[in-house]
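J.: Spelled out from the first residue to the last, the chains are:
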Amino acid sequence: MGDVKDVYNYPTKNKMKDKNTALKVNNLTVTLNEQKIIEDLSFKVKRGETLVVLGPNGAGKTTLLRALLGLIPYKGEVKWAVKNISYLPPKELMQRKEILPLTVEDFYDLKEVKKTKAIESLKSVGLEIDIFEKRIAHLSTGQFQRMSISWALVDNPDTLLFDEPTSGIDIGGTETIYSLLHGFWKKQNLTIILVTHELSVVWEHADNVLCLNKRGVCYGAPAHVLTTKNLKQLYGVGVKYYKHKKT
Amino acid sequence: MIDEKIFLALLMTVSIGTAAGYLGTLMLSKRMSLVGGPLGHLTLPGITLALIYGFDVSVGAFLILTLAIILIWLLERKTKLPLETLTAIVFSSSVAVAFLFLPEEEVVQALIGDISQLSYTTTFLSVLLSVFAFIIIYRVYKKIVFIALSEDLAKSEGIKVDKYNLIYLLAVALVIGLGVRVVGSLLTAAIVSIPAATSRNLSNNLKQYAYGGALAGGLAAAIGIFVYQIFSIPAGPSIIISSAGLFAISTVFKKTNI
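In order, the protein sequence lines correspond to chains V and E.
The first sequence begins at 1 in our numbering and counts up by one.
The second sequence begins at 1001 in our numbering and counts up by one.
It should be emphasised that the hints constitute simulated quantities derived from the structure, not laboratory data.
Remember, predicted model here, so these are calculated numbers, not experimental data.
Worth double-checking, as some hints may not be accurate.
Claimed, not checked - Just so you have them, the derived chain E footprint on chain V, three or more residues with Cβ under 8 Å: (1) 79-90; (2) 99-111.
Stated by the list, open to error - Quick look at which bits of chain E chain V covers, simulated, 3 or more residues with Cβ under 8 Å: (3) 1135-1147; (4) 1150-1158; (5) 1194-1206.
For each residue, glycine too, the CB sits at the ideal point set by N, CA and C.
Please construct the entire structure, taking both the sequences and the accompanying hints into account.
T.: Given below as structure tokens:
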């Protein structure tokens, strides 16, 4: 039996018994360069749910998303019941965008998206048409992230995996990005898995929270799991937070 | 009236230069411009064999390159070391081996190329292979750009990264194999890297950049051949100097906001 566990797996896309489930993760362990980054993690995501993954730097949040997408080898089980998954890596991982003279139009063209559809999609995130011929390296951080959201949603995915969409954006910009995402979530019944450091986002938008620090520290609805004790265990120090009333 | 030999040389170098310039834009986007150098050097054992046994240098170069590239690709999958490092290891070993056998009187031809003895068949085949290389590159261009931008993103969109990287590397082998005939193993880095840099200076978007590289490569080859004919300096260095001249001009016209 031990041998079977050592085989690296790849995510499967199948129908599940429970029709409401979008993703099921069982005993996920990820080892990179002989270091265990994630250990024995299990959780479920329902269709239309927003799951926020919280955790300190180096907790394995980005690694988790990469494993869920099958970009890196892992042990355990990742079962998807949805088909069209869109992913946006942290923007630091969008390497070389400075080297290439890539315009917004070129960026959509990589996905073979037609011009009219791309422009429509840009409008939906509140961007002007004249941005279309601009180089992506010349967009402001806020414009780039809006464009990224539009790009991720342009071919109507049912699931969105988003890694720190608001890093480097001020509070106002952050609010805008999350209200945009919230809007799309409502309209398209998206399943969203979101990595963020923003605790306020958790209170406002998350159905469930997964606190990750190699292992799952806590998992459940924000009101239940975001206790001072859990946050202390997660971040290693006392974290003061403001509890929002969910509307 | 253009001399027949010059006409053949022009036809061949312009096609190879165009394909190399086009490919170079992809190599620049993958930060692989300088890999053209080691890969050019890698061809030395192939060129040496060709010169000793009297077959075409491009054939020798291409065979050795294909073997080396497959070896590098396998090593990359196995070790996850950067491509540059692996290329350096394989190329230095192959240069060392080549110099054990390379006849002294053939050293210059192997190092900087020779186009003085072109036949119709050689020219025709070189043009045909350049067109073939251009078509391959055209077909994988967007995918390679996508992979260069973010491998994770490309994979998550269902792009088979390993497959496209292999096709790309084989296109590199083909173009470098053709290039060594014109500019020799010492100068091949230049025919892929300089036109791309020239085009990068002047382009506003991906299409301009890609075709600009092809244009700059073809133009440099044409100017180089005329310089070669007028001043009787070797064609290889003459093409590279022309290309560097075009790059210098492009820096003057570089738009500040690009």
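J.: For each hint, tell me whether it holds in the structure or not.
T.: Right, here's what the structure says about each hint:
no., hint, in the structure
1, 79-90, "holds (count 5)"
2, 99-111, "holds (count 10)"
3, 1135-1147, "holds (count 3)"
4, 1150-1158, "holds (count 6)"
5, 1194-1206, "holds (count 5)"
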